[in-house]
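S.K.: Guided by the hints, dock chain B onto chain A, whose structure is given.
Going line by line, the protein sequences match chains A and B. First residue of the first sequence: 20, per the numbering used here; consecutive thereafter. First residue of the second sequence: 697, per the numbering used here; consecutive thereafter.
Source of the hints: derived by calculation from the structure; they are not laboratory data. Don't be surprised by glycine CBs; every beta carbon is placed ideally from N, CA and C. Take the hints with a grain of salt, since some may be wrong.
What the hints assert, rightly or not - Each computed DSBU-like pair below joins lysine-lysine, with the alpha-carbon atoms no more than 30 angstroms apart:
no.	chain 1	residue 1	chain 2	residue 2
1	B	Lys804	A	Lys126
2	B	Lys804	A	Lys77
3	A	Lys77	A	Lys36
4	B	Lys804	B	Lys762
5	B	Lys710	B	Lys753
6	A	Lys36	A	Lys89
7	A	Lys126	A	Lys77
8	B	Lys762	A	Lys126
9	A	Lys36	A	Lys126
10	B	Lys710	B	Lys804
11	B	Lys753	A	Lys36
12	A	Lys77	B	Lys738
13	A	Lys77	A	Lys89
14	B	Lys738	B	Lys762
15	B	Lys738	B	Lys804
16	B	Lys738	A	Lys126
17	B	Lys738	B	Lys753
18	B	Lys753	A	Lys126
19	B	Lys762	A	Lys89
20	B	Lys710	B	Lys762
21	A	Lys126	B	Lys710
22	B	Lys753	B	Lys804
23	B	Lys710	B	Lys738
24	A	Lys89	A	Lys126
Stated by the list, open to error - Partial pick of chain A residues on the chain B-facing surface, computed with a CB cut under 7 angstroms:
no.	residue
25	Gly64
26	Leu65
27	Leu67
28	Phe124
29	Lys126
To be verified - Here are a few chain B residues that face chain A, going by a calculated C-beta distance under 7 angstroms:
no.	residue
30	Asn757
31	Phe758
32	Gly803
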Amino acid sequence: GDSVTQTEGQVTVSESKSLIINCTYSTTSIAYPNLFWYVRYPGEGLQLLLKVITAGQKGSSRGFEATYNKETTSFHLQKASVQESDSAVYYCALGDPPGYQNFYFGKGTSLTVIP
Amino acid sequence: GALVYQYPRRTICKSGTSMRMECQAVGFQATSVAWYRQSPQKTFELIALSTVNSAIKYEQNFTQEKFPISHPNLSFSSMTVLNAYLEDRGLYLCGAREGGNTEVFFGKGTRLTVV
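Okay, chain A solo, but in the shape it has when bound (with noise of 0.2 angstroms):
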């Protein structure tokens, strides 16, 4: 079946440097999947970041950016410089399309950004 790989654990970047957390996946569709990260902030639900339904694009997001790559089956999560407020727990998520039937998730990753 389908599934999501990502960075996994806890992450500490310092505030202002860059962050990149890894993502891969695997399909047994023969159409590309769409591909999400979700973000999930202290206290709150699961929030759509950026999805990119189209192989080869880009997506971004309150400066976060991810590249649907579907040669290396990657979709790595990144920022140029993080902040505080950044600090969340972030999932990699896939959707078989048309209609979303499955929808994978990787395990998360929970992100700490230090002042």
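M.R.: Chain B alone, transformed into the frame defined by chain A:
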């Protein structure tokens, strides 16, 4: 905006008893509702997907007999954990989507503790 409310946020039940959780969509029509469980140290696993006017589809390892789901209208869904045991503890997440939209909106989850 589109919001999904889940309640209760936290609940404790005795081993062998049952617990019902609810999911309310506000600001959009929840054509599809998916229920997930995040067990300790694990990612979100899809339990079942419910689409209005269609049969509820359960994932492998999850059954209707254990996790009965109701999706009576376009704004509400509920799921019961029957005969709960320690392995059922975790965070239960509801994700809802309207029609063919690509975005899934999530609630904050119901955290189930079994004692």
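S.K.: Checking each numbered hint in turn, tell me which of them this model violates, lowest number first.
M.R.: Checked against the structure, the hints that fail are numbers 11, 19, 30, 31, while the rest are satisfied.
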